[in-house]
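Turn these sequences into a full structure, and let the hints steer you where they fit.
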Amino acid sequence: MPAVLSEPVRSHFPTTVNTSTAGRPDFISIQNFSFFYGAKQALFDISLDIPERQVTAFIGPSGCGKSTLLRNLNRMNELIDGISHSGDIIIHDHSIYDPLIEVISLRKRVGMVFQKSNPFPKSIYENVVYPLRVAGQNAKNVLDETVERSLKGAALWDEAKDRLHESALSLSGGQMQRLCIARAIANRPEILLMDEPCSALDPIATVKVEELIQELKSEFTIVIVTHNMQQATRCSDKTAFFYLGKLIEFDVTSKIFSNPAQKQTEDYITGRFG
Amino acid sequence: MMTLFIKSGGVLVITAVLGIFFFILFQIWPLFMPAQVSELKTVSLPNHSFSLLGVDEWGARPFLVEPDGRMLTVDYETGAVSEVPIDFGEPLQIVSAALNKREQMIIVGTADGRFAIVAPGYESEESDGRQVVTIHPSAEKVTPIGLPGVPILDIAYGDSGSSKLVVALQANGNNRQVSAAIFERKRSLMGQGKEEAVGVFDLTSLIPGRASKVLVPGTGDSVIVVTEDGKVSYLLLEDEEFKLIQTFAPFEDIPGAHIQAATFIFGDVSICFASDSGANRVFSLYYPKGGAERFFGKTHDFPSLGTMPSFLISTLRNKAFLLGGGSELSLRYSTTESIRWEGKMPYNVVNAAISGKYHRLVVLDSTNKLHFFKIDDPHADSSLKALFSKIWYEGAPEPKWEWQSTGGSDDFEPKFSLVPLIFGTFKGTFYAMLFALPIALLAALYTSQFLDPRFRSIVKPTMEIMASLPSVVLGFLGAIYIAPIIEKEIPSFILLAVGLPLVAAITGFFWSRLPIRYRKLIHPGWEWIVFVPLLLVSSWIFFQLGSVLEAIAFVVTDPATGQKTADFGAWWTATTGNSFDQRNSVVVGFMMGFAIIPIIFTIADDALSNIPAQLITASMACGASRWQTAVRVVLPTASPGIFSAIMIGLGRAVGETMIVVMATGNTPITEWNIFSGMRTLSANIAVELPEAPHHSTLYRTLFLGALVLFVFTFVFNTFAEILRHRLRERFKTI
Ligand SMILES: Nc1ncnc2c1ncn2[C@@H]1O[C@H](COP(=O)(O)OP(=O)(O)OP(=O)(O)O)[C@@H](O)[C@H]1O
Ligand SMILES: [Mg+2]
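If you're matching them up, the sequences are chains A and B in order.
If you're matching positions, the first sequence starts at 11 in the numbering used here and goes up one per residue.
If you're matching positions, the second sequence starts at 87 in the numbering used here and goes up one per residue.
No false leads were slipped in.
Capping the alpha-carbon separation at 27 Å, the derived lysine-lysine pairs in DSS-like fashion look like this:
id, chain 1, residue 1, chain 2, residue 2
1, A, Lys171, A, Lys227
2, B, Lys606, A, Lys50
3, A, Lys162, A, Lys218
4, B, Lys818, A, Lys126
5, B, Lys471, B, Lys384
6, B, Lys818, A, Lys171
Rather than coming from a laboratory, the hints here were simulated on the basis of the structure.
Right, dumping it as structure tokens:
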């Protein structure tokens, strides 16, 4: 029965009031975080501060736990059975694991873009306003305004404005990915998580998304997982290198790529393994 | 190799289905065929004049009555014409004659105001492998009736078994006199005894007009008099007295129409009339709605013959009659208002007779030639109209859709309307779906989207086992165990039906408003631990409250004693005027629901679980709750699959047989009343096929029912498939 299922938000995750322009260097603070898929440990004692309104890149060889960490930032891993963690993740002074917080309110503040674009089988318009609809916002003017703002924000407006009510599945792969970005920013989250957003895109679409990331940076705190070293250099401010579930090195991007402190990092970025 | 294998398998399946289809088609085809009438033989008769033409049951030896009291007979096999004298004991001049079909007797009227009843005395024997029919007429005593010495213009009689009613028409100066006489056979010690007139009546004063023809039904309890102004009077014999019940004009809307011919249709409840212009109508006796006395009313109207009719005869087998005039012959069927066969002859027809087996026809033409015809019309009572339109059956106050294949009496007319069965099929399906659909779909949504996978892996196989439960068992349980419970506890079930969803919704609402600190105590997917006991307890409470509700809301007052009783069934009948049966649609809906819930559940659950995980993740990442994700993303995306589930459930419900056979009263009614039963097409086949004679109309009609069922499922499935494709196109995921 419907009962169990509707979960209106009772305890909201506290929202930040964005006053300072500089932004906090420890906006997201990951503290001694370990993570297990059942018995298998995927992350080992990670500590990491992600700065506000900057782009932070996660790099590392496949299977090193980048996605796992990213998905923990909005507790998406909880959809999987048998997971557990230790340590804490603190966003703007509040633990995301606070037992009195609805996970939904956290996800409303943390937008996410996936490696494989995943638009709903609905119209372009309905895709973009979905986060607003589930938050109970149905006023037409608000939705219209959001669609225009988000699609413009995701650099898709010009291509999509005449076909807003066509199916999202009629878009090209690159357009779909930008639609997913538009959807992720529609409800004005503070943090935008991107898991290899360009891996399925051609170079031109990639450039568009990268430019987009640069623009979104002024508004959102962005964490991006990428396998593309150039992409990391081009669009991130800070870079974290992971290896076998451990954080090896975390620093300003230019430093990581020009003068890494760790041998493993250097091997990886120069392409000697991975 | 493999593809060849698969291909030939596919071809085999298609051939099998087509084969079944054509087999059914082949079985039902004759139902829609008109009668085949073909001429067999022509025999020339001597140039006499004849007052009557009749034929035996086998159509092998027709006879004609000659004015001098002799009988001319024709042997069909040899074509030999012979004359047989009827022994009246004295020479007679016959001026009128009539047949009593029911008794297979002849009555003749003489020029001197007397009558005699003649038995044709047919005998049939096998000789040299063929059937030889001989005729040995014998006459009863010649008895005077009406005005002595005055020729009898028309005569008729009926025999109720204990008494005979003879009615004669005579000229009385310029007027016409109608006389009736009742004869009873007095039992004597010396065996048979002799007939005595116990009542003699002059009916003339009762008849408004100049009589031109008299008819008496086989039962001998009434008289029909046709007058020259085109009117018909219906006189009833009650307490040894005649009463004029009704006078009507069958062709009152046709100016100047006269009644040229009239005859009782087999069964003697309907009279067929033909006007001088060839117009042709059937009037039947029935109780008008709310009336206490039977009247004749027009029930069937046929196209005009187009020429002046010279005769109108009915059969001894069914409601068919033959109208002839000029060179036209038209074989018609009263009940279905259909023309079975029409023929334009190269001669003028004068008279005709149809064999008792409705397989042979003899026609006398104006040049005294006797033509033998073969009638091949095994399904005279069947037609598209009879099967699907409202039909005005004899004795009914209005046209109706009716299914009644067998009846008690000989002249019972089977009624083969498929409409009540089609209706019953839809009714059963409707109530089953009403019960099963919400439960199955919500259950599938819950198990696939909310239930912890560990329980899901228990629930699903359990439901699958349920799906394999034989429907005979369900039907048996429904009829023997559930039906009596439901009958007694209707108020409880009403409370349950309303209360349980309400309780669930309300608890759900409050549960969702519960602060997270309490809600966290139950792991997501385990909520049923709280809800199941709650629902069980409230079910028990609702069940107990049933009698309270009955005592408050469903009280009937007996108008006679003023006594109040709390009884839902009585209340329902008193309030809505509808019947309340123990084996009703609730029972069927419930039991059939049981049969289709697992099917719909399993398929819907598969569809819902196969939604790409990325869509669910995307929705959750947008901050949607599990419920929002389920309703806004999973449900629409899975809609093609859910639609299939519903359609397969529907298909099962439409074709379901055993449950309906056992758990309903199998009454072929056409009303939506939830507390009455139904008869479905499939149940009808199961119930009636074992009793249906091979290749009879019933047998073929049952096959037609099967075809209709086949067509339904075919249309359903095609429609469903098209819709599913559309949905899939719309909700396809990348
Ligand atoms: N649902 C899961 N159940 C069990 N183990 C998992 C699951 N998802 C990931 N893992 C394991 O956790 C480890 C880290 O996986 P993760 O997806 O975070 O790697 P990644 O760094 O994102 O790799 P890639 O660059 O290939 O995406 C891997 O060893 C993987 O096998
Ligand atoms: Mg990954």
